[in-house]
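With the sequences and hints as input, model every part of the structure.
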Amino acid sequence: MPIAYAPTTVPVVVDDVKCIADKGCTVCVDVCPLDVLRISDLTGKAYMKYDECWYCMPCETDCPTGAVTVNIPYLLR
Amino acid sequence: MDEIKQGLSEIECDVLVIGGGTAGPMAAYKAKRRNPKARVVLLEKANVKRSGAIAMGMDGLNNAVVPGFATPEQYTKEITIANDGICDQAPVYKYASRCFDVIQELDSFGIKFQKTENGDFDVKKVHHLGSYVLPMPNGETVKKALYRQLRREKVLISNRYMATRLLTAKDGRIAGVIAVNTRSAEFLVLRAKTVILCTGAAGRLGLPQSGYLWGTYENATNSGDGYAMAYHAGAGLANIECYQINPLIKDYNGPACAYVAGPFGAYTANSEGNRFIECDYWSGQMMQEFYNELQSGKGPVFLKLNHLHSDTVGQIEAVLHKVERPSRGRFHENRGTNYREKMIEMHISEIGLCSGHSASGVFVDEFARTTVTGLYSAGDMASVPHNYMLGAFTNGAVAGEHAVDFAAEVDVPDYDRDDVVREQERVLAPTQRDDGIPPNQLEYKARRLVNDYLQPPKVTAKMQIGQARLAEVRDDLDNAMVVRDSHELMRALEVSSILDCADMAAYASLFRTESRWGLYHNRVDYPEKNEEDWFCHSILSKRDGRMTAEKRAVEPYLVPIDESERDAYDRQRIRQHA
Amino acid sequence: MSAFESFSDVAEIAENLQSPDASVRRLTVIEIAETASDEAVPHLVAAISDTAPEVRLQAARALGEFDGLSVAQALVRGVTDADRDVASAAAESLAELRDTAADAALLPLVSHQSAFVREAIFRALKELRSAIALGPAISALQDADAAVRVQAVGVIGYLKSNETLPSLISAARDADAQVRLAAVNALSFARNAVAAQAASGALADDAWQVRAAAAETLGRIGETSAAAAVKGALGDTFWQVRQKALQCLGKLKARDAVPAILGILDDPLPSLRKEAAAALGDIGDISAQAPLAAHAADPDPDVRKTVAWALSRLPTV
Numbered sequence: 000m001p002i003a004y005a006p007t008t009v010p011v012v013v014d015d016v017k018c019i020a021d022k023g024c025t026v027c028v029d030v031c032p033l034d035v036l037r038i039s040d041l042t043g044k045a046y047m048k049y050d051e052c053w054y055c056m057p058c059e060t061d062c063p064t065g066a067v068t069v070n071i072p073y074l075l076r
Numbered sequence: 000m001d002e003i004k005q006g007l008s009e010i011e012c013d014v015l016v017i018g019g020g021t022a023g024p025m026a027a028y029k030a031k032r033r034n035p036k037a038r039v040v041l042l043e044k045a046n047v048k049r050s051g052a053i054a055m056g057m058d059g060l061n062n063a064v065v066p067g068f069a070t071p072e073q074y075t076k077e078i079t080i081a082n083d084g085i086c087d088q089a090p091v092y093k094y095a096s097r098c099f100d101v102i103q104e105l106d107s108f109g110i111k112f113q114k115t116e117n118g119d120f121d122v123k124k125v126h127h128l129g130s131y132v133l134p135m136p137n138g139e140t141v142k143k144a145l146y147r148q149l150r151r152e153k154v155l156i157s158n159r160y161m162a163t164r165l166l167t168a169k170d171g172r173i174a175g176v177i178a179v180n181t182r183s184a185e186f187l188v189l190r191a192k193t194v195i196l197c198t199g200a201a202g203r204l205g206l207p208q209s210g211y212l213w214g215t216y217e218n219a220t221n222s223g224d225g226y227a228m229a230y231h232a233g234a235g236l237a238n239i240e241c242y243q244i245n246p247l248i249k250d251y252n253g254p255a256c257a258y259v260a261g262p263f264g265a266y267t268a269n270s271e272g273n274r275f276i277e278c279d280y281w282s283g284q285m286m287q288e289f290y291n292e293l294q295s296g297k298g299p300v301f302l303k304l305n306h307l308h309s310d311t312v313g314q315i316e317a318v319l320h321k322v323e324r325p326s327r328g329r330f331h332e333n334r335g336t337n338y339r340e341k342m343i344e345m346h347i348s349e350i351g352l353c354s355g356h357s358a359s360g361v362f363v364d365e366f367a368r369t370t371v372t373g374l375y376s377a378g379d380m381a382s383v384p385h386n387y388m389l390g391a392f393t394n395g396a397v398a399g400e401h402a403v404d405f406a407a408e409v410d411v412p413d414y415d416r417d418d419v420v421r422e423q424e425r426v427l428a429p430t431q432r433d434d435g436i437p438p439n440q441l442e443y444k445a446r447r448l449v450n451d452y453l454q455p456p457k458v459t460a461k462m463q464i465g466q467a468r469l470a471e472v473r474d475d476l477d478n479a480m481v482v483r484d485s486h487e488l489m490r491a492l493e494v495s496s497i498l499d500c501a502d503m504a505a506y507a508s509l510f511r512t513e514s515r516w517g518l519y520h521n522r523v524d525y526p527e528k529n530e531e532d533w534f535c536h537s538i539l540s541k542r543d544g545r546m547t548a549e550k551r552a553v554e555p556y557l558v559p560i561d562e563s564e565r566d567a568y569d570r571q572r573i574r575q576h577a
Numbered sequence: 000m001s002a003f004e005s006f007s008d009v010a011e012i013a014e015n016l017q018s019p020d021a022s023v024r025r026l027t028v029i030e031i032a033e034t035a036s037d038e039a040v041p042h043l044v045a046a047i048s049d050t051a052p053e054v055r056l057q058a059a060r061a062l063g064e065f066d067g068l069s070v071a072q073a074l075v076r077g078v079t080d081a082d083r084d085v086a087s088a089a090a091e092s093l094a095e096l097r098d099t100a101a102d103a104a105l106l107p108l109v110s111h112q113s114a115f116v117r118e119a120i121f122r123a124l125k126e127l128r129s130a131i132a133l134g135p136a137i138s139a140l141q142d143a144d145a146a147v148r149v150q151a152v153g154v155i156g157y158l159k160s161n162e163t164l165p166s167l168i169s170a171a172r173d174a175d176a177q178v179r180l181a182a183v184n185a186l187s188f189a190r191n192a193v194a195a196q197a198a199s200g201a202l203a204d205d206a207w208q209v210r211a212a213a214a215e216t217l218g219r220i221g222e223t224s225a226a227a228a229v230k231g232a233l234g235d236t237f238w239q240v241r242q243k244a245l246q247c248l249g250k251l252k253a254r255d256a257v258p259a260i261l262g263i264l265d266d267p268l269p270s271l272r273k274e275a276a277a278a279l280g281d282i283g284d285i286s287a288q289a290p291l292a293a294h295a296a297d298p299d300p301d302v303r304k305t306v307a308w309a310l311s312r313l314p315t316v
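Sequence order for the protein chains is A, B and C. Counted the way numbering that gives the first Met the number 0 counts, the first sequence spans residues 0 to 76. Counted the way numbering that gives the first Met the number 0 counts, the second sequence spans residues 0 to 577. Counted the way numbering that gives the first Met the number 0 counts, the third sequence spans residues 0 to 316.
A couple of the hints might just be wrong.
[Claimed, not checked] Derived contacts from chain B toward chain C, CB cut-off under 10 Å, selection only: (1) Ser8; (2) Gln113; (3) Lys114; (4) Asn158; (5) Asn180; (6) Tyr266; (7) Ile276; (8) Phe405; (9) Tyr525.
The hints are simulated quantities; they were obtained by calculation from the structure and are not laboratory data. Every residue gets a Cβ at the ideal spot worked out from N, C-alpha and C, and that includes glycine.
Here you go:
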């Protein structure tokens, strides 16, 4: 049976202008307890790869440049 | 990143701590401090910097036994009563006697507790029974401070490795663990003289009302891996039927924070704005009253702050929106709810296994020893009841110190290489399939079944149906699950832990044929407490490959409980049933 | 692939502080700090003078994880930085200092022209419980800025010395309510009539928060002579003050207040009825027995529980 992808709006949003992952920063990726963030090969910026968020906020709090925003997942809003 | 690679390496150590949340870092730190020559490894499936239940810190201590405000005897008595008497007091008393030293040590790490204007700990009284609450308005830095101490002591930290199965020697002693890298699927065998399990609660057991798999009360990483590993290694698990269920803000799975807002005058009320909780203790009995009110004509239940002064609410918000679950402010903003104007709707959480607020866990004694030689456990997954964050720190310290001493006396045990081969096969099986069911679907189904059949009120026939349906999911997990990258592999392994915990929850709940601990073990077809047959622990374990359960006597009390004190508690039960 | 986090050489990491790219220097600061090694300090100290504000900001944050005189000196530089974010981060980090030797670096700034700096310095000195800061703190009670005066009260309050009572008592009459609040709370350590008298005076304060704090402080001081004044606070317009007054009267075992407290058993607010019952239990006067028993069926469960508890505390006839 083929596997389909269910579209989902992700809670964690990264501002590409502020993000300095392309300079070697991995802070948000490191601190996420659920390990759902990655650095994009395409843009060199951080993004949310897996929609498995506890909206706990270390990624936002620890980001040195204030590039990360954690929103409440839609199902809970 | 995330592609599945081949690989197997092996390392050796004296003390292996599994889980870098709260108890784990303290265990590793204390082991290393006590014996700087010991090789101490801290294994964590995320990153120790921000992992576990206190990733964003904690807003306060709920059970601080501070000289001048409470005594170890008084605390031990209250915990015993809150657990309907089923309590080995030695570990509770040990905690209560040591925890103030730990508070002072944490303070010296730079972890901030609220101080009075005279620089003393600002202990708060929540009810007339004792003063145990010590607020932490700047508690969000806890993990950073711990991490710094680990670095200074040169504890070996191994991030992104998920332990999957404990290794045991021929004589049954603990021999180490097998772990898999969550970013590459490479294996690591860690041989150890002692292992300390600190992997937290089984918090991803029930499905939250919102339907979002990750919107759990506990940090969603805490999927009960330690409960499952201890079980498969043959350790006894105590009182698994005594679930954890907590009050929370409806849809926002963060605590309702009676301990933060309570000292300021906030309280839990029904829709008429009146208090309704009769119970003196934070317990399953209290949760039963909460549940009854939710279901009643006066439901639902609310957190009431709108009688407080706007400045007071501001003080409460300054804590609640900054520490532990700081996205709470954003949640209320989205909903347009304001503590000042209206009461905030509350609900109860999904079920979980967690001794932090309840009592179910891997059985441990006052030295944090499990029933397997060389295996220790501390924190939310060990059986010391109601131990909260400070209990994780204190019992973690106890475990670390005892384990490092034990390690000095023994050699690294040998293990069976075939165990590793079999475990590699088990772990990698879903990666060998091109087609099948992804882990997230299996998880959703398993947890939906937990809600449908295992959450209280517990009904025998329903739980039996639940067991049969969960067995079908396990069959799918074993034979039809497909995994496409190493991250998904971690999730798949977590589903396996969740299923183990669900099986244990059902089995233990069916074993105890009485009702006890209020809502936690409310068996509708055995509605009464039966002291004659069931004033005992239930101990669940794996024997000859099968789940078994047995009774274990409660150790004689160190701190006697007055008959009248026990009676007072029972009278409240009767009034509630009437 | 290594199984463990590495313990890299700090000097080697620090070479990247020479990078022309400020973002790289900033990330280097983070990396150096994470080593938690004492060798990190000189590099972080240097980074707080970087040309780029974001690097200085990161250094100011990172230094909060280290301690000692050289850290304090660097943070003093940071707290006077023209960039507001750098200065704020340095102020937060200053409050993390625990090494008592650090106060020597802070003292020269107690009269700095910027109120923001003075506030940060006194806040740090408070945490250090610095005895040599006492004189400057007493002088700072006359500071033009109220936030500075609040922190100065903190420095004095943390030292818990009876000799400082006159200064705390005058601060309890400050023009600013926050200063008065801090001062009234800070009087709690004293166990004497002078402190009690000052706190009693604060029961008539314009701000209800100060009045509530005064009642709480009087409970801690424990001078029974204050009971009459606290009894008067049972008629306060704010229930929050009446609540604290009830708690205080219980602690003072104020038998004279029993008739007034009995009246509150019928208050429309359940929190006050509960507190009244608790106070009667604490005081333990037999005259409360019948009135308490009459409230055993109060509609509020907390009141009922507290009434039962209070009755158990009364002497048996």
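Now for the hints, and whether the structure bears them out:
1. At about 7 Å, the closest approach between the beta carbon of serine 8/B and any beta carbon in chain C falls short of 10 Å, and the interface hint on this residue holds.
2. Nearest Cβ of chain C to the Cβ of glutamine 113/B: about 12 Å, over the 10 Å cut. The hint is violated.
3. For the restraint placing lysine 114/B at the interface with chain C, the shortest Cβ-Cβ distance is roughly 8 Å, inside the 10 Å limit, so the hint holds.
4. With a least beta-carbon distance of about 7 Å to chain C, the hint placing asparagine 158/B at the interface is held under the 10 Å criterion.
5. Annotation: interface hint on asparagine 180/B holds; nearest CB of chain C at approximately 8 Å, less than 10 Å.
6. With a cut of 10 Å, the hint placing tyrosine 266/B at the interface with chain C holds, because the nearest CB-to-CB distance is about 8 Å.
7. Hint status for isoleucine 276/B relative to chain C: holds, with the closest Cβ pair at about 6 Å, below 10 Å.
8. Interface restraint check for phenylalanine 405/B: the shortest CB-CB distance to chain C comes to about 23 Å, outside 10 Å, so the restraint is violated.
9. With its C-beta approaching chain C no nearer than about 27 Å, tyrosine 525/B sits outside the 10 Å limit, and its interface hint is violated.
Figure legend: structure checked against the earlier numbered hints; hints not met, in rising order: 2, 8 and 9.
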